[in-house]
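Engineer: If you want the building blocks of each chain, they are given just below.
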Amino acid sequence: MAAKKAAKKKTIEKAETAGVADAPPIEMVKLKVDGVEVEVPKMSRDWEGNLRPTTMLEACQIAGREVPHYCYHKNLPVAGNCRMCLVEFGMPMMGPDRKPVLNEDGSVKVAPMRLPYDPSLPRGAIACATPIAPGMEIYPGSDATRQMREGVLESLLINHPLDCPICDQAGECKLQEYSIEHGQAESRFVEPKVHKPKAQEIGPRILLDAERCVLCTRCVRFTRDIAGDDALGIVNRGSYNTIATFPGQPFDNNYTLNTVDLCPVGALTSKDFRFQMRVWFLKETKSICTSCGTGCNILVGSREEKIRRFEPRENDAVNATWMCDSGRLNYKWIHREDRLTRVTGKRFTERNQLGAWPLALKEISEILRDAEKGSVAIIGSARLTNEELYLLKKLADRTGALTDSVANLGEGDDFLVSDDKNPNSNGCRLTKFCNTELGIHTTKIAEGIRANKIKTLLVFGEDVTKAGISTDLLDQLTHLIVSDVLPNDTTQRADYLLPGCAVVEKRGSMINVKGRLQKFMKAVEAPGDARAEWEILREIVREVEGRVGFETIEGLFNQMAGEVVPFDGLEWASIGDTGVEVEI
Amino acid sequence: MPEEYRLILKNADADGYTPDIKCYLKHGGYEALAKVLKMRGRTVDDKKFTAQEYLREEVKRSGLRGRGGAGFSCGLKWSFVDRRSGKPIYLICNADESEPGTFKDRQIIHKDPHQLIEGMIISCWANDVNLAYIYIRGEFPEGARILENALAEARKKNFLGKNICDSGYDLEIHVHRGAGAYICGEETGLIESLEGKRAYPRIKPPYFPAVLGLYMCPTIVNNVETLCGVKHIVEMGADKFATLGTPNNTGTRIVSLSGHVKRPGYYEIEVGKATLGELIYHENFGGGLREGRTLKAIVPGGSSAKVFKAGEKFKLKKRLPDGKMEENEVDLLDLPYDFDSLMSAGSMSGSGAIIVMDDSTDIVAALANLSEFYAHESCGQCTPCREGSLWMSKALHRLSHGEGRKADADYLTGIAKNIQGRTICAFGEACSWPVLSFVGKFKDEFEARGEADEKARDSGAA
Chain A
1 MAAKKAAKKK TIEKAETAGV ADAPPIEMVK LKVDGVEVEV PKMSRDWEGN
51 LRPTTMLEAC QIAGREVPHY CYHKNLPVAG NCRMCLVEFG MPMMGPDRKP
101 VLNEDGSVKV APMRLPYDPS LPRGAIACAT PIAPGMEIYP GSDATRQMRE
151 GVLESLLINH PLDCPICDQA GECKLQEYSI EHGQAESRFV EPKVHKPKAQ
201 EIGPRILLDA ERCVLCTRCV RFTRDIAGDD ALGIVNRGSY NTIATFPGQP
251 FDNNYTLNTV DLCPVGALTS KDFRFQMRVW FLKETKSICT SCGTGCNILV
301 GSREEKIRRF EPRENDAVNA TWMCDSGRLN YKWIHREDRL TRVTGKRFTE
351 RNQLGAWPLA LKEISEILRD AEKGSVAIIG SARLTNEELY LLKKLADRTG
401 ALTDSVANLG EGDDFLVSDD KNPNSNGCRL TKFCNTELGI HTTKIAEGIR
451 ANKIKTLLVF GEDVTKAGIS TDLLDQLTHL IVSDVLPNDT TQRADYLLPG
501 CAVVEKRGSM INVKGRLQKF MKAVEAPGDA RAEWEILREI VREVEGRVGF
551 ETIEGLFNQM AGEVVPFDGL EWASIGDTGV EVEI
Chain B
1 MPEEYRLILK NADADGYTPD IKCYLKHGGY EALAKVLKMR GRTVDDKKFT
51 AQEYLREEVK RSGLRGRGGA GFSCGLKWSF VDRRSGKPIY LICNADESEP
101 GTFKDRQIIH KDPHQLIEGM IISCWANDVN LAYIYIRGEF PEGARILENA
151 LAEARKKNFL GKNICDSGYD LEIHVHRGAG AYICGEETGL IESLEGKRAY
201 PRIKPPYFPA VLGLYMCPTI VNNVETLCGV KHIVEMGADK FATLGTPNNT
251 GTRIVSLSGH VKRPGYYEIE VGKATLGELI YHENFGGGLR EGRTLKAIVP
301 GGSSAKVFKA GEKFKLKKRL PDGKMEENEV DLLDLPYDFD SLMSAGSMSG
351 SGAIIVMDDS TDIVAALANL SEFYAHESCG QCTPCREGSL WMSKALHRLS
401 HGEGRKADAD YLTGIAKNIQ GRTICAFGEA CSWPVLSFVG KFKDEFEARG
451 EADEKARDSG AA
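As they're listed, the protein sequences go chains A and B. The numbering of the first sequence is our numbering, which starts it at 1 and goes up by one. The numbering of the second sequence is our numbering, which starts it at 1 and goes up by one.
Derived by calculation from the structure, the hints in this document are not laboratory data. From the three backbone atoms N, C-alpha and C, an ideal C-beta is built for every residue, glycine too. It is possible that part of the hints are untrue.
To be verified - What follows is a set of in silico ranges between Cβ atoms, one per label pair, in the way DEER data are often shown:
| id | chain 1 | residue 1 | chain 2 | residue 2 | range |
| --- | --- | --- | --- | --- | --- |
| 1 | B | Ala448 | A | Glu201 | 29 to 37 angstroms |
| 2 | B | Arg61 | A | Leu51 | 54 to 62 angstroms |
| 3 | B | Gly180 | A | Asp413 | 52 to 60 angstroms |
| 4 | A | Asp229 | B | Phe72 | 21 to 29 angstroms |
| 5 | B | Ala34 | A | Gly248 | 50 to 58 angstroms |
| 6 | B | Asp128 | A | Glu186 | 20 to 28 angstroms |
| 7 | B | Arg83 | A | Leu409 | 49 to 57 angstroms |
| 8 | B | Glu403 | A | Pro116 | 54 to 62 angstroms |
| 9 | B | Gly323 | A | Pro116 | 20 to 28 angstroms |
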């Protein structure tokens, strides 16, 4: 098991280093895809990142020809069982003298492959596992290929319940898509269908509809070879084959929901998302998961300003195509009833909201501008964005404030979950908001308050009463200025309480534990009067510094990149969807 | 006069012959092994061979072809083994004799187990194998017990274990029992099963057993009868072995004869030295059909082989001694029972099992029965076979139970054509060929059945 997990870790690391400059150049091979000559590398990387001969499927991808498939997945070991990627192909003809047979024009004659026992029929090969050869011709668009696909699709559909109207997968179902593109309109099947268990709870988060299953075994391979939990298998034989768990052992590890993404049909569904929303109504926003320091890339599915699901988004340098269940389901708090939505605090109440934001920001700015050097301290969460931490650092420099973050260590695993539960600890370090170690100044800050040296405390996104600054100390302060999203013991004591945003409600960038700088987009509007922390800080910094600066997140990032050394030369636009490596 | 030639079954049915090692040794047992262990490397035509290499060449030269079903050259198979991988090489004896109609390997296992073990030791020695397995089907508990006993006896006499007969060569053989699935006879399915997994055949490429077999090591999988053949090649020499049988179809073969003949049973013949007609009608073999019956069909090589219809004629090409090809028309019953003739006639000698059907046979019911077997045994890994095998079986059940349609003949052919050649293993052919050939050659009967059912339904409705 340990070896397997190590291999799995290696997978992502290898994928990261794939294509590095010092690797020896890979020989190129010429072949034809549907008559068009393409040059493809002789060797490519398999799911573990190891070099092996390039497959026909990869060659077709390079040539821009899609080959339909169910069981093949680039991050899983090859199974070759669905047969959907069968393609007709030809090989250079060899004469009895072992030399290529030539056409009249001198080109090498290519013979389409035929069944050895019936040369009148084409011999297909599964594109996902068949290596390419020089001079090979692949015919993904030929009549014979089309007929093979039709045959496979027909087989997949005969026992399928055809219950798309009540199936969650509808709209993102490969059986639907391929039926339209490659299937037949009519069925010749007149026999009774095979019936299998429906809506079976195979784990706490997963339901299995065995009748919809195409038995591609993606789920089996994922949980065995990637998650390292050999929990799924197949029972029975032939057409009665069914995905199953061991008796009495539920499918319950922290990665089970990936099988729902992997499932090309509606066999595995998420109990959380089931029957919640038709997928074509979802707005998809590129974001990152902030449940730990790994920073898995995600797609946020939302509709009508409500988050409906998180799904992993491909990034080979971070999470490949996976994410953990706990991170995936960690979105419900965003829509909690008790979200902070009003500017409140001792100075403000729910009643005098008119003009509360400008007034509060003005007063806060004045407090900070007039503060005696060293009388201010700032605690900013490592869940804030780089841009926000950069602005807090600016305020700190201006006021000579002690700054710190709160370390948040927990249990990690050897796959995706990091023991650093803060998504942006490295952002704290790189913006110099924190020292190498988070939390080492908190005691000093507490002492400063106790000694009446620190009179103003700015807290962004942390409940400091749980981090060594007691409620008594908070009560001792002249000004407690707090921004947060949910109520806690610190927010209750704030003189100024500024409602902030969840990550999905704003834009920004963070740096994961491995030093990857990644940006995320806004998926939904913040509730009530809540505002993005960078917008709040932008106003305060402008007031305190008395200078007009950037207006947009792009401008803010670009300004920061000019000042924070590891970001030198970067621009918001150049970060891309999958981030860039920075020196940590 | 066609007659049996008993080489492998020479002693098996002799009076007083028992499966214990004492009896085997009394009949010259393990002498071939002794001969092999004394073999030294030699130079032939300026080419140097180690003793092992030389024996492998001998097997190649003998023309021995696999007796499991595909009839692939044993020597060639051995030559594919990756000997430079640095990994151990395994040998597996495929004793998962499951093809309906086949009952030859069990004769060897039950009656002369030491012959198999000796053949295995020699084959292992020739291929630098130190660990071998006998994968025996779950339905052969008695065979497994006999083999275990025999292995224990051989171990005691130091024919197995460390430093076999002071030769410095180590070998261990284990018996592994299957759990009752036909697919375990497919060599890569067998390997998966032996590894403790579900017997899902592997995709080839990349998992050719000779390179990535058992535990991803180079592996040889040979049939029981094939491995026994190796022992006889050593005993009589490759040249002499090659004179048995006919060119390219050398040695002997145990034929399992079943169905509507007077004397069903197993008969060992020189390959190709008896015709299908002789095997069915000659008094030395099947002894003819039951009184008053006429021949209807022959399944010549285990139930997955394409059926022959009585009266069929074939144009067979034969290479003459001067290299020219000659074409002759040959009647079904005059087909020599060998690998090449049956393949040229569009079927195969497969596992050497001949199933004879006379005119009393309901051909639709016969195919329905076969199809049910294949639907039950499909492992279900890949789509065309998983869904197609049951589909065909359901359609045939319907057709043989009064609910047919005239169109069912073409319906069945259409399904079968979407299976053959598109699956991971040869099971796709095994389940589709009977349908293609039965329906193809007896289409009138299938259509008549469906038409009658349609008429009955129409009149019932009226």
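Engineer: All hints are to be evaluated individually against the structure, with a verdict given for each.
Structural biologist: Hints versus structure:
The supplied range of 29 to 37 angstroms is broken by Ala448/B and Glu201/A, whose beta-carbon atoms lie about 51 angstroms from each other. The hinted range of 54 to 62 angstroms is not satisfied by Arg61/B and Leu51/A, whose Cβ atoms lie roughly 39 angstroms apart. As the Cβ distance of Gly180/B to Asp413/A is approximately 40 angstroms, the hint placing it in 52 to 60 angstroms is violated. Between Asp229/A and Phe72/B the Cβ separation comes to about 40 angstroms, which falls outside the hinted range of 21 to 29 angstroms.
Evaluation of the 50 to 58 angstroms hint for Ala34/B and Gly248/A yields a pass: the beta carbon distance comes to about 55 angstroms. At about 58 angstroms, the CB distance of Asp128/B to Glu186/A disagrees with the hint of 20 to 28 angstroms. Between Arg83/B and Leu409/A the beta carbons are some 53 angstroms apart, a value that agrees with the proposed interval 49 to 57 angstroms. A beta carbon spacing of about 37 angstroms between Glu403/B and Pro116/A contradicts the range 54 to 62 angstroms that was offered as a hint.
At roughly 23 angstroms, the beta-carbon separation of Gly323/B and Pro116/A lies within the given 20 to 28 angstroms, and the hint holds.
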